[in-house]
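Colleague: Given two chains presented individually in distinct reference frames, assemble the corresponding complex, making use of the accompanying hints.
Here is how the chains run, residue by residue.
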Amino acid sequence: MVEAARRTSPLEGRAFRGHGIVLAPAAPASRLSLRAAEEALPALSKALGLSLPRRPKTSAAEGGRAALWLGPDEWLVIDEQGADLPALAAGVSALHSAVDISHRNTAILVSGKRAEEVLAAGCPQDLCEARFPVGAASRTVFGKAEIVLWRTGKTVFRVECWRSFSDYVFSLLEKAARETM
Amino acid sequence: MAGAFRLPAAGRLDAGRTLRFTFDGVSHTGLAGDTLASALLANGVHLVGRSFKYHRPRGILAAGAEEPNALVGIHRDAARRTPNVRATVQELYDGLNAVSQNRWPSLSFDVGALNDLAAPFFSAGFYYKTFMWPRAAWERLYEPVIRRAAGLGVAPDQPDPDNYSNRFAHCDVLVVGAGPAGLAAALAAAEAGARVILADEQPQPGGSLRFESGAVIDGKPGWEWAQETVARLAAKDNVRILTRTTGFGYYAHNMVALAERLTDHLAAPDAQAPRERLWQVRAGRVVLATGAIERHMVFPGNDRPGIMLAAAGRTYLNHYGVAVGRRVAVYTACDSAYAAALDLKKQGIAVPVLVDARQAPQGGLVEQAREAGIEVLAGHAVTGTRGRLRLSAIEVVPVAGGPQRRVEADALLTSAGWTPAVHLFSQSRGKLAYDAGTGRFLPGTHAQNAVCVGACNGTTDLGMVVEEALHAGAEAAGQTGAQARGATARPEARSPEGWSAGIAGPAPGAEAGKGGKAFVDFQNDVTAKDIAQAVREGMRSIEHVKRFTTTGMATDQGKTSNLHALAIAARMLDKPVPEVGLTTFRPPYTPVTFGALVGHGRGALFEPTRRTPIHAWAEAHGAVFEDVGQWKRAWYFPKDGEDMHAAVARECRTVRQAAGIFDASTLGKIEVVGPDAARFMELMYTNPWARLEVGRCRYGIMLREDGFIYDDGVVGRLAEDRFHVTTTTGGAPRVLHHMEDYLQTEFPHLKVWLTSTTEQWAVIAVQGPRARDIVAPLVEGVDLSDAAMPHMSVRTCRVCGVPARLFRISFTGERGFEINVPADHGLAVWEAVWAQGERHGAVAYGTETMHVLRAEKGFIIVGQDTDGTVTPDDAGLAWAIGKKKTDFVGIRGLRRTDLVAPGRRQLIGLKTLDPSIVLEEGAQIVADPNQKVPMKMLGFVTSAYWSENCGHSIALALVEDGRARMGERLYVPMPDGTIEVEVTSTVFFDEKGERVHG
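As they're listed, the protein sequences go chains A and B.
Heads up: the first sequence at position 143 corresponds to 143 in UniProt numbering, and the numbers run straight through without jumps.
Heads up: the second sequence at position 440 corresponds to 440 in UniProt numbering, and the numbers run straight through without jumps.
In case anyone wonders, no lab produced these hints; they're calculated from the structure.
Heads up, a few of these hints could be off.
To be verified - Just some of the chain A residues that point at chain B, by a computed CB distance under 10 Å: (1) His19; (2) Arg35; (3) Ala43; (4) Glu80; (5) Ala121; (6) Pro124; (7) Gln125; (8) Trp162; (9) Tyr168.
As the list claims (entries may be wrong) - Label-pair distances were calculated between CB atoms; the ranges are: (10) Arg14(A) - Asn449(B): 40 to 46 Å; (11) Val694(B) - Lys46(A): 45 to 51 Å; (12) Pro56(A) - Asp94(B): 32 to 38 Å; (13) Gly695(B) - Glu80(A): 53 to 59 Å; (14) Glu80(A) - Thr796(B): 24 to 30 Å; (15) Gly63(A) - Thr445(B): 54 to 60 Å; (16) Glu80(A) - Gly641(B): 40 to 46 Å; (17) Pro124(A) - Asn449(B): 15 to 21 Å.
Just so it is clear, CB atoms sit at the ideal spot from N, CA and C, and this is done for glycine as well.
So that you can see chain B by itself, here it is in the shape it has in the complex (with noise of 0.2 Å):
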């Protein structure tokens, strides 16, 4: 026998089929099919956990995702410990390790549980009055001796070894929940033809039918036609049954998230498996059958060990054959508890008292319990517990005053009614609208495709439950557009319970009570006592109410408190409930995991990873990559022994001696094309481009409408109607865009299209005196003369006999060459240059040689010397505008008084007084280092490297009227001394650029 709590004639599971767990280190058996709850209820054990503010013992109230208390972590080795897990929902499994939470040093004896003692002190607000001075104690020690004693579970210090995955998913009609509702609404969606997912949040399908042991579906006991039905379902192609799976949120357009979990319940999971999978759905029309929540009757000392919910206590009884007492008391303001108090009796559990808070409660459940010999207390109160780790009696009252009565019991199913579980609904924008004669909150205005049914739409009959599921899955399938093929066939149903009736707030008779603390949110530790508190201080909002007191802000998110909280602030507020308001229902309905959200984008697949076509050869020959945008990009080749330093001045000086090889790939490309391409450049970019040549380049300037720098980059005329851009490497999606943009929305009227080539060419660039030794007997049909093939020309014609774009330019100054040749030819060309390179004394280098060898000569990165307020002119670059040009974008941004106004940040160079000292990029520079702090900045080093090439440290710098200083001597006031600098010009290297052209 798997626990001595468990029964031999009663529930489902198969007695031959035990299974091992342990809980705090104590050896268990349970049956397979049980949830931890039922499994250590079945072992007799209720005290589970500490409660988050007065750590006071706590046991199972619940049968499902509504748990508030029974919050474990499961430990599967040292990177798998899950914390706040609810043990309603946790499967077991052979092998469980669960342990108990927020208790010190152990769970019977807690030392936090002192706190229950100092409860005045911990009253409604008091996070907000109590440790308001001083103020800096707030960060220092109360936030943190607040969180620390103040908790739930311990979150995992490993990364997450497992597997989540991803699907999208359409259908035209979305089931949420697979009670009676959900799959009759499924069952006609399903036969009229359409195509449907039902997803329901319990390992078997059945919803209610689990505990409900009177329903009668179609001839058959309620949980046998559910299961019938799934099996119907499930030979449907049109169907898909996602059992474990949570509908947790509802979003814009029908799309509704589904967490599934699809490992947790095993013992040994495939390591490969995925744990959870993340399904967006977007359904043409959403049935949500999300069915109801019992409430818990507020009473004091509603909250010890053994007291739960009724159909909690029905569900371990019918289902996993569990009593979970020997003496089991029940506690009600409405019938469906008496449905419980028969089950029990029925398997022989004493049951010696049944206490309702109505004071002439009727019905055939009322008959058949007094039938039964159940000794009915009606009109009466429980208005005191006992019992310190588990539940030994219930003390009882009339309502209307009398003697207290002490009743020996080890359990008490207590229930105040049921909530409609509206989460989705209201979700999905729908109106939710106040039934006063119920005392609920249904679905009203629909705010998108959706239609409630069953318990969630108020709906508590069984036989209507079932005809109006079925009414709305086939009305469902017919407005997507299903075809029918024939009605389903009405099943009759029948139920002997209604879910109707109830209260809210506490219970008649209780409230008074001195019998201790009367739970409103067990999980957040909030009374009743909190909530008229929170009024009587001046809250009138139920969200006011909600912050002042935490109640329904813990992870169950008051699924079974709410309702008594925005009872008891009506009643205080003498106001009618809907006026108080009910707070907003937000995603997700129950916890979900980051790995189910984050999916399969972690490691190499958190984001692409782009390689250019050369980038096996730069790994084989020892490149240093960086990180650029997505891209890797080869940032220095280190030989044997070199560090970066040397290996840098190596690539710098041989680029100046001989030649250098540079992967240029990345640039981005823009095809330019159309009868009207040099208007629309002309347009973009600040130069003039109508009378460029075919076959040759020029250096342009992207400006933003404010006048400011956006990109850079050298475009080549290959036709009159065809411009070959370049641009940054990491502006090139935006500069595309920014370029699309403007041609739709402001030049619509230009016959002329953008298509981006950046990956159609793999770019060489051969940089130095000897590049044309280099590329000469690659190239064919071009002469490579300076007279035939200036500098800032390019040509269409064959490289390593395949299609290539030569130009001619240069970013180091050098005489240079790029080699635009398509991409899959890339690595070989690559090896063709590389070889005749190596005959000349070449070298590969890397993005950090570009940039101090461009730095050498004074060109500027875009996003490095520029931070988007800096113009042509403020770069020294007012050359690039074309004087006689009317219009381009950031034309009148550069008429702005500011933009011309005397005092502007100008780049310009800097040369430190000790050559060997290289300046921190972003460093700040003043004109008067014995100023007092703060001093006035002149401006800042934009990028700053060690020459080789110069023998002296560089730098670019952009500060006030800096042309007007040159000569100047300046200062950079760092840490550790101040730096004394000198400004020049900011070409550090053949100023007069007699290199470039050979």
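Isolated chain A, as found in the complex (with noise of 0.2 Å):
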């Protein structure tokens, strides 16, 4: 019996504090691309123990779990505390396509009170709170970089970006957050 390998998150070591912004990896999750038509979602819904957001830019959370709708058929799935979602999805018969992205992705929190201004250097979306409130979530460009960009609380986000890309995008913000304004 070997013993399992060990894990080496891409950002390994980075954070960045400074005034009123922190730069931070996120702690490893287990994430799903959920593709589903109509039909599968209260089925799908159940299985995962949350509601399917069904409106763009929105967001479903319940626990360490949320599911970011990206598309009119399609899912992002997140569980920090690390569950088997795969095996979630495949109790269900309702037509759908789960694949396993946990690694595919990694995430970088950014928090504090110029957080909206920080990702202002590199997302051209409105980020101020009316237009993207606590709960909003968006795939959308960082700089050169595809990202998804959940708001999570006032002054936090998450951003999720593939493993290879988040070296660039934490230097990106962190450049960002190096200057004053």
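Modeller: Put into structure tokens, the structure is as follows:
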């Protein structure tokens, strides 16, 4: 019997704390790319223990698990406790596609009163609270990288990106965070 | 006292805060708050540059962004040498070092000024006429010489060491310009609760209130009201005020680009702080309060240093406390210059004469001037000026004719009227309307959600300006859904001045003067005569006149000159002005640095650099990396003293003798899931998929509609409804888009979804005779025997205790496995595999060895051995087309007559007769090396390597009818001799393909 191989996060050791801004890699989480038509949503919602959102730029969260609306038939499901999400989806017979992307993505937590402003260095969306309230989520860009942006608190955002882009995303966030306005 | 021309009782600067600066090496003193221009004028320096074409001495014309003449270099250090900075915009800082441009050997004695004497040769269109023949001379002689002589500043020769920044911003109301109109509009919008951004190019808002001494708003002097209003706005959390920020571009959907200058005014900027920031603002409604630009009078000799715009002279006086001369004459065709004369007089400056082109000027200001004792010469013209490097006198004659009179003066303020600054409005695609009554182009039909207020809208009475702006601000806020928090109190505003009158084109009585050139466009040295000549030579549209004369084409974009040029052309053509047309306003409004546009995107942030989970190990083990798209891939792993050739030879040998371990994580991966997954695969690939068993793999080829190879890769079937598709590294994003495109547009009926899993999996390839021995101890629950897990199969299992997908596949022709593990485990699993590999004498190998080994087996690389015009049959892969299939993307393309005709280039192998010669990739191949040039090319080399395992060089090539030429001698002509080659099969090693099965 072999000992389970250890994990190495792509942003291990990275952190930044500046005036009004903190950048930190998020803890490992399990993630699912969920694709499904309308008919399957009740069964999938039940299996996942949350109500899959149906409106653009919204999310649903329950405990440490959340589903982010990415498209008319697409969700990013994140479980911070590392639950076996594919197994949960596998029990649903209604038509859907569930693909494990736990390691494809990594996340950066951007928090502090300058969070909106620092993200505005690379994200063209309007991130003010009225337009992008707590719970809002969107697949968008940050500089030259695709990200999924999720506002988890008044001054807290989670930036999900593919792991090999995380160095670029973190570095650009840090560059913007170091600038005084 | 900071300068002999600084007046103790004038201006708003603090006389106690002095700053030192140098201009062309001469030290001067200025005050905090000065611009370089105001500080130079305070020291009596008017001569600041030489003109573009004639090298004429030039002074400061304006006090703002429209300045055409006073362009200087600002040198901070060896790397920070900014050319073409407008001295009227550059704020003074302690230690500022400015140099003049376009002069040699010095500003006061410039050899290039000989051009002025040779002026007859440099008339309009001279580029097109003088330098036509001989043709070759243009590139070698004329252009370089002209470029050297006719010039602006010198570009820095070192990389820009500064930081630049970018911010996206959104607001309900964007107000561009913070003069009285912009401030009032911003105040009304902000007090109605809208999210407001107010941008102004000056360090302090206030606009024209900077010089309009008579303006009173809300019972206070205009400037005071402006500063109080700014403070009120700044205290609101729904307002962002951006000073030193130019709105330079108005794009689609109310996107306005602003350039904010953050450190150019500082003596010792923080090296980390951005120098400039680009704001990309998306606004609900845009309020343009961009003001108006004063025009100079066009008359002979109007470019002498000391001649400047009336409002500029007034700005230097009222804001900076600087007298532009001791005896300041005025030449005007409108009222506002009278205010300048009165302000000067009040400060005790002599105003020897006020020349007015109008026959009978009337009104309050005219009366005041006469009452103040200023000699007003109505119906007169200035027909010439005197003074070499500085104005000394003007010549005045009655417009109706009469004796000439010379008036001593060391400065002359001129005003031909005000041109509304409609640049941004026009950039927004708004249509301008010509107001014949006032001779102005004004905003007409809007194309975007914007409104123009104040002087740029043609509103010139201050009371009306404020009223109009308050209304526009409140309306803009209401329109974007802001909740009204009460209306803004309307302050009473008045000013004795109006900006509506004036003339365009040469001043009456001054056209025919013999007193010298009458300049229209100072920066490009275009005279009234040049414009007239362009019309005489057949130019009819202003666009042609512009290109023929280059009027309005300099870095100032003709801010002071365009209307003059247009009026002259219209008069010559005897057409109304709007029929001659107005040239297009294009961004940027004023020059923008490349740094601001590039923003953060330079150095490491220019482009994402993608690294695999195993990158750190490769780095620690001395790998040399190569760039593959955005990826860094280990290229080869040299040991001490090895060059690339030796390292690759060792790696190649060891893989075939023992084993090699290779990081294949960058391979594109797509998970195809759904009940119709197999049907979708049948349509996207040439191969049959329906009967591929679960747990087996197949090499797939994907075509474009035209029948040419688009991508390839091994596909494993994980379940009836789930495929694990691999793509080339570089093709990963476009292959997914290609598949998604077809799924959404051509095959939307299929129940299948695509998900990129490229980065979910780290991929460790273990290849070679010992591969199974290396992998076996790490794998749980899979029978790895050849019978149970043959070549081209896949198993879901655990490797090193983590969930894995284990493929038995080979891109080397050896027994091979590819271990896919979740990416965070990739490094640890690699280390475990490496530890096993070392026991069996394995090497870590890079992409170069991967390339050589696959070439030894004749496996193609899409994009290297194919170029977008290669069919599967051309590549010798006809076997991969499902013969019974009736449909797949590209099936009709493959039937095109030219794709099935004989004579197509086919992939074959080449052996050089001298086995040590490695061909050059891309080299052309001919049948007869002695034929005449240009030779008939049969094809070209696509891949070529030294093969350590074969003991000779190998190559793949695309050659006409290649497969029918086996054994034939062909030739590769190279610059240093012809290489003889023999056509062979594409498989150079293990021709029977036995090794892959163990």
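Colleague: For every hint, state whether the structure bears it out.
Modeller: Structure-based check of each hint:
no.	hint	in the structure
1	His19	violated (13 Å)
2	Arg35	holds (4 Å)
3	Ala43	violated (16 Å)
4	Glu80	violated (15 Å)
5	Ala121	holds (6 Å)
6	Pro124	holds (5 Å)
7	Gln125	holds (8 Å)
8	Trp162	holds (5 Å)
9	Tyr168	holds (4 Å)
10	Arg14(A) - Asn449(B): 40 to 46 Å	holds (42 Å)
11	Val694(B) - Lys46(A): 45 to 51 Å	violated (29 Å)
12	Pro56(A) - Asp94(B): 32 to 38 Å	violated (54 Å)
13	Gly695(B) - Glu80(A): 53 to 59 Å	violated (34 Å)
14	Glu80(A) - Thr796(B): 24 to 30 Å	holds (26 Å)
15	Gly63(A) - Thr445(B): 54 to 60 Å	holds (57 Å)
16	Glu80(A) - Gly641(B): 40 to 46 Å	violated (50 Å)
17	Pro124(A) - Asn449(B): 15 to 21 Å	holds (19 Å)
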